[in-house]
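Novice: Top to bottom, those sequences are chains A and B. Residue 29 is where the first sequence starts when you use the working numbering, and the numbers rise one by one after that. Residue 6 is where the second sequence starts when you use the working numbering, and the numbers rise one by one after that.
It is possible that some hints are incorrect.
Claimed, not checked - Computed cross-link-like contacts, DSS-like style, restricted to lysine-lysine with a CA-CA straight-line distance of at most 27 Å:
(1) B:K105 to B:K144
(2) A:K278 to A:K256
(3) B:K81 to B:K119
(4) B:K144 to B:K108
(5) A:K365 to A:K264
(6) A:K95 to B:K105
(7) B:K144 to A:K95
(8) B:K82 to B:K119
(9) A:K396 to B:K108
Claimed, not checked - Examples of chain B residues toward chain A, derived with CB under 10 Å:
(10) P16
(11) A47
(12) R80
(13) Y117
(14) G140
In case anyone wonders, no lab produced these hints; they're calculated from the structure. As the structure is a prediction and not an experimental result, all values here were calculated from the model. Ideal Cβ positions, reconstructed from N, Cα and C, are used throughout, including at glycine.
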Amino acid sequence: MSAVIEGKSGFRSWLNKRLPVDQFMADQLTGYYAPKNFNVWYFFGSLALLVFVMQIVTGIFVTMHFKPGETTAWDSVQVMVREVPYMWLIQPMHAIGASFFFVVVYLHMARAMMYGSYKAPRELLWVIGMLIYLALMAEAFMGYVLPFGNMSYWGAQVIINLFGTIPGIGEALTEWIRGDYGIGDATLNRFFSLHVIALPFIIALLVLLHLVALRQVGSNNPDGIEIKEKLGADGKPLDGIPFHPYYTLKDIVGVGLFLTLFAIVVFFVPTFGGLFMEAPNFEPANPVSTPEHIAPVWYFTPYYAILRAVPDQRTGALLMAISVLAFVFLPWLDRAKNKSIRYRGLASKLLLGVFFITFVVLMWLGLKPAEGTYVLLARIFTALYFLFFILLPFVSRADGNGPVPERVTYHAH
Amino acid sequence: MSDYAADDAVPEVDESRRKFLIAATAGTGAVGAVLTAVPFVASWNPSESARAAGLPTEVDLSRMEPGQMTTHFWRKKQIYVVRRTPEMLASLNSHDDKLKDPKSDESNQPAYAKNETRAIRPEILVLIGTCTHLGCLPKTRFTPGDAAVMANWPGGFFCPCHGSKFDLAGRVFEGSPASLNLAVPPYAFEGDNRLIVGVDVAPEKGAA
Numbered sequence: 029m030s031a032v033i034e035g036k037s038g039f040r041s042w043l044n045k046r047l048p049v050d051q052f053m054a055d056q057l058t059g060y061y062a063p064k065n066f067n068v069w070y071f072f073g074s075l076a077l078l079v080f081v082m083q084i085v086t087g088i089f090v091t092m093h094f095k096p097g098e099t100t101a102w103d104s105v106q107v108m109v110r111e112v113p114y115m116w117l118i119q120p121m122h123a124i125g126a127s128f129f130f131v132v133v134y135l136h137m138a139r140a141m142m143y144g145s146y147k148a149p150r151e152l153l154w155v156i157g158m159l160i161y162l163a164l165m166a167e168a169f170m171g172y173v174l175p176f177g178n179m180s181y182w183g184a185q186v187i188i189n190l191f192g193t194i195p196g197i198g199e200a201l202t203e204w205i206r207g208d209y210g211i212g213d214a215t216l217n218r219f220f221s222l223h224v225i226a227l228p229f230i231i232a233l234l235v236l237l238h239l240v241a242l243r244q245v246g247s248n249n250p251d252g253i254e255i256k257e258k259l260g261a262d263g264k265p266l267d268g269i270p271f272h273p274y275y276t277l278k279d280i281v282g283v284g285l286f287l288t289l290f291a292i293v294v295f296f297v298p299t300f301g302g303l304f305m306e307a308p309n310f311e312p313a314n315p316v317s318t319p320e321h322i323a324p325v326w327y328f329t330p331y332y333a334i335l336r337a338v339p340d341q342r343t344g345a346l347l348m349a350i351s352v353l354a355f356v357f358l359p360w361l362d363r364a365k366n367k368s369i370r371y372r373g374l375a376s377k378l379l380l381g382v383f384f385i386t387f388v389v390l391m392w393l394g395l396k397p398a399e400g401t402y403v404l405l406a407r408i409f410t411a412l413y414f415l416f417f418i419l420l421p422f423v424s425r426a427d428g429n430g431p432v433p434e435r436v437t438y439h440a441h
Numbered sequence: 006m007s008d009y010a011a012d013d014a015v016p017e018v019d020e021s022r023r024k025f026l027i028a029a030t031a032g033t034g035a036v037g038a039v040l041t042a043v044p045f046v047a048s049w050n051p052s053e054s055a056r057a058a059g060l061p062t063e064v065d066l067s068r069m070e071p072g073q074m075t076t077h078f079w080r081k082k083q084i085y086v087v088r089r090t091p092e093m094l095a096s097l098n099s100h101d102d103k104l105k106d107p108k109s110d111e112s113n114q115p116a117y118a119k120n121e122t123r124a125i126r127p128e129i130l131v132l133i134g135t136c137t138h139l140g141c142l143p144k145t146r147f148t149p150g151d152a153a154v155m156a157n158w159p160g161g162f163f164c165p166c167h168g169s170k171f172d173l174a175g176r177v178f179e180g181s182p183a184s185l186n187l188a189v190p191p192y193a194f195e196g197d198n199r200l201i202v203g204v205d206v207a208p209e210k211g212a213a
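Let's have the full structure, built from the sequences with the hints guiding it.
Specialist: Rendered as structure tokens:
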């Protein structure tokens with residue numbers, strides 16, 4: 029690969045002898061072959077990276093005006109959006125960006141589940157992705173608490189008390205997390221530190237590992253067949269195209285569409301009907317007034333619905349934890365020979381379809397009060413949720429072994 | 006060149022000595038890492054000022070009417086104090102079969118409040134107003150027969166977050182997501198009308 033450097037003179041050569049810029053480009057972009065049959069579902073990986081960068085940039089600016097603390101947090105947010113030039117735009121971009129992050133991540137995960145992208149040899153890629161998801165949940169939760177609106181306060185109360193259900197150490201653990209007997213200065217300041225330093229670092233590191241693991245195993249594709257098994261005379265995959273310029277250009281289209289949607293939401297429907305910003309959070313935290321019903325932001329509600337569906341708090345909290353962690357085990361629960369849903373039977377398609385619907389219904393139920401029919405529905409759909417993970421090994425083993433094409437399905441445009 | 010030749014004659018490696026040294030170094034390092042973590046982990050515990058703010062709270066009972074509830078703060082938690090009427094106390098005996106923990110065996114309360122009325126003086130109920138489910142504030146639903154809460158409602162507390170129901174001694178009803186009765190904080194009386202929340206024994210009169 030040193031050929032890249034040879035035969036050039038001037039600054040570029042000088043630079044490359046000291047920092048392998050061209051080498052890196054060749055290895056990671058122009059020399060990285062991705063399957064040529066990617067569809068729209070493959071936008072969400074690069075979009076996730078885009079939202080991450082957007083959150084970092086807007087976050088840096090929000091941090092410049094934010095004052096963590098029980099008595100200062102709420103006021104500092106009000107002052108920044110009302111009085112600091114353009115912070116009316118940047119602060120909501122950060123808050124709404126969190127919701128978009130989860131939209132993109134959920135679609136990215138759904139893609140992996142449809143095309144079996146978690147299956148060998150990509151198990152670790154999936155597990156690292158799940159770690160990013162968990163870190164992102166912690167990051168989003170703490171970010172939600174920081175402005176210290178009333179829903180911030182009571183949401184934090186509920187989430188921190190979940191740790192109180194752990195037998196024996198629960199009470200002491202919640203005091204340790206809060207640094208006080210209730211949510212206060214200590215809690216907000218440590219959440220601020222974790223939100224702006226620790227977790228972004230961890231997420232950045234995990235994203236890097238995710239990309240390194242991806243480069244090692246190569247991208248999956250909608251057909252779920254390995255392009256590395258059909259190499260051309262030049263040793264490159266016959267069904268592969270260089271990531272740059274082909275997919276960088278394609279991803280720019282996705283970026284354009286995404287930013288258009290994002291701008292529409294930020295400018296015209298910032299609260300998104302109370303989903304992206306909740307009404308109770310437009311009043312300051314009030315320890316003596318619980319909002320009429322506490323619902324977390326939409327991206328946590330599927331798990332929240334599961335928590336509330338169980339009439340015993342300890343079991344509820346345990347089931348909630350299992351429901352999040354169950355995804356980690358997908359690579360080993362899925363026993364099919366074929367990866368992609370395209371080459372699996374009707375039973376597999378139904379199973380996955382019902383699971384996606386279940387996830388969305390639980391999301392909706394978690395936003396509703398826990399009473400009457402909603403509780404009954406939450407119990408039914410909680411059962412369906414876990415049924416997916418229980419049935420997957422059997423269904424995938426039974427109908428995921430049919431013939432797959434030799435080469436990827438591709439229609440030139 | 007002779008120096009190199011001498012280097013070539015590598016002396017026999019004492020494998021067991023090497024293993025021991027590696028294990029000893031790694032072990033010492035691990036112990037050091039764990040010990041270093043202690044201050045960082047411990048720094049998350051409540052600070053001295055947070056502990057100081059958790060000192061006992063005094064409540065004046067002299068102006069409380071029967072059937073009235075007042076709320077107070079102790080350790081950042083709401084404390085509910087109810088002066089129960091004889092009717093309220095009578096209502097406690099009628100529904101033990103509908104409770105999850107009627108004798109408060111599993112629940113949190115000082116030993117002196119683990120009795121029929123969960124109180125030192127039956128008429129004065131002192132509770133931590135934090136739902137044992139996930140920490141919302143249970144609301145008062147003292148009127149018996151409020152069918153919106155549940156059939157044959159004897160009066161008590163209702164948590165709006167997830168629908169937990171408690172009677173007038175803070176005991177949780179079956180069908181609630183909460184499993185434990187509302188906790189009773191440590192408390193003591195000083196004379197007839199002074200309640201001190203946060204201590205098991207009232208301080209001596211005149212003590213600082």
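Novice: All hints, please: hold or fail.
Specialist: Right, here's what the structure says about each hint:
no. : hint             : result
1   : B:K105 to B:K144 : holds (20 Å)
2   : A:K278 to A:K256 : holds (22 Å)
3   : B:K81 to B:K119  : holds (24 Å)
4   : B:K144 to B:K108 : holds (23 Å)
5   : A:K365 to A:K264 : holds (25 Å)
6   : A:K95 to B:K105  : violated (45 Å)
7   : B:K144 to A:K95  : violated (33 Å)
8   : B:K82 to B:K119  : holds (21 Å)
9   : A:K396 to B:K108 : violated (34 Å)
10  : P16              : violated (40 Å)
11  : A47              : holds (9 Å)
12  : R80              : holds (4 Å)
13  : Y117             : violated (20 Å)
14  : G140             : holds (4 Å)
Violated hints for the displayed structure, listed by number in ascending order: 6, 7, 9, 10, 13.
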